[in-house]
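Chains B and C: place on chain A using the hints.
Chains A, B and C, in that order, give the protein sequences. If you count by my numbering, then the first sequence holds residues 59 to 204, one letter each, in order. If you count by my numbering, then the second sequence holds residues 59 to 204, one letter each, in order. If you count by my numbering, then the third sequence holds residues 59 to 204, one letter each, in order.
Be aware that a few hints might be false.
[Claimed, not checked] When the alpha-carbon atoms are kept at most 20 angstroms apart in a straight line, the in silico EDC-like pairs for lysine to aspartate or glutamate are as follows:
(1) B/K81 to B/E143
(2) B/K77 to A/D126
(3) C/K81 to B/E108
Keep in mind the hints are simulated off the structure, nothing from the lab.
One-letter residues, chain by chain:
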Amino acid sequence: MPLWNIQTPIGAYTADQKKAFAKDITAAYTETVGIPAFYVVVNFREVPEEDFLVGGEPVGNFIRIFVDHVARQLETAELRAWASEEFEKALVPHVKDRGFDWEWHVDETPMDLWRTQGLVPPPAFSDAEKLWAKENRPIPYDVAAS
Amino acid sequence: MPLWNIQTPIGAYTADQKKAFAKDITAAYTETVGIPAFYVVVNFREVPEEDFLVGGEPVGNFIRIFVDHVARQLETAELRAWASEEFEKALVPHVKDRGFDWEWHVDETPMDLWRTQGLVPPPAFSDAEKLWAKENRPIPYDVAAS
Amino acid sequence: MPLWNIQTPIGAYTADQKKAFAKDITAAYTETVGIPAFYVVVNFREVPEEDFLVGGEPVGNFIRIFVDHVARQLETAELRAWASEEFEKALVPHVKDRGFDWEWHVDETPMDLWRTQGLVPPPAFSDAEKLWAKENRPIPYDVAAS
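Next up, chain A with everything else stripped away, as it sits in the complex (with noise of 0.2 angstroms):
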């Protein structure tokens, strides 16, 4: 989590320019909620124009995201709002500035569902995450305690 799928027209970014997006989507996480950037997984598709209808006509030009949040809650309109805007200003630059038509939404999933490397992620803000954060990995600890 969270979990972004974009999809593409075929060709639209090099491999280098989705490291630079996925690295930004990364970055609109980690220096803002603080999780661990391994938690930040991002799967481009490539889709080919005659799969890719908008209004049901195929298209070329368009950038449809969706996303499945898990580790934060967005439990406010103001945070939502807040949220959106650092998604935008971190799509700007691999979006609107390449000339794309672009669409995304996200959805909200429950924490309680998900696990990693085999593990039940430590909850939001505990110093269990920290240091999984830190070491940008997944860590046995002590569920119980945390």
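Okay, now just chains B and C, sitting in the frame of chain A:
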């Protein structure tokens, strides 16, 4: 929003058939709840038989659709039943009548974690939304007044 | 429902290994909550390394799974913990024991926005559902009486 993800066998549809399919899905929204046509995004993915398993067995004749709704929440059981009927009507010519098995489900995601072309989409049934629908494109508007 | 979307590196599994994986996932449901086997749909997607990024870095050894649940809502923390354990048990031989890193999460979606083969699936644990499970196919039934 809505985002229709349609998983099909390899070669299940021609480009023209995909377009006709996406047009019927689009109409199921624009002709009932009046959202802008460009809100309706359809992504096809052709899945090799070995990657598409039902009950643990590879299948070559199955259409599996998962949908995310954002712009309209279906708040009553009656609305949900009605919408489901509309979707089935749109699907029948493209799945049942072509001899495919099929299954679909819809998730509803938070309206305030969604942006298109960098804009907060206007409220349901607002004048701004009607303008977006008429022009079939996102147009900056006065968010505070809407 | 459930729909398991499994993102893997290219060539992570043979067709036989995918089938064994999907069979174990299917059994995690059919042998515990008794849903029909055909409810369990598994979609694999082999993702090129440049399209699969964790913390902004391309990865070649990671299995990322996202699941939508429809037919059963896990209503208590105990049920969620129990289900998570069942999923881990099903996953271990296919991910951990093969040396992959892995992460999964589950979303729960509305039961009344779901149809299979044009039918409203029968209520959990109903006689109609038991018949669907026994025959492993959707069978028209008296919705009003169920």
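Hints, one by one, checked against the model:
For the hint pairing B/K81 with B/E143, the CA-to-CA distance comes to about 17 angstroms; that is within 20 angstroms, so the pair holds. With a C-alpha separation of about 28 angstroms, the suggested pairing of B/K77 with A/D126 is violated against the 20 angstroms cut-off. With a C-alpha separation of about 13 angstroms, the suggested pairing of C/K81 with B/E108 holds against the 20 angstroms cut-off.
The structure is inconsistent with hint 2 alone, although it conforms to all the rest.
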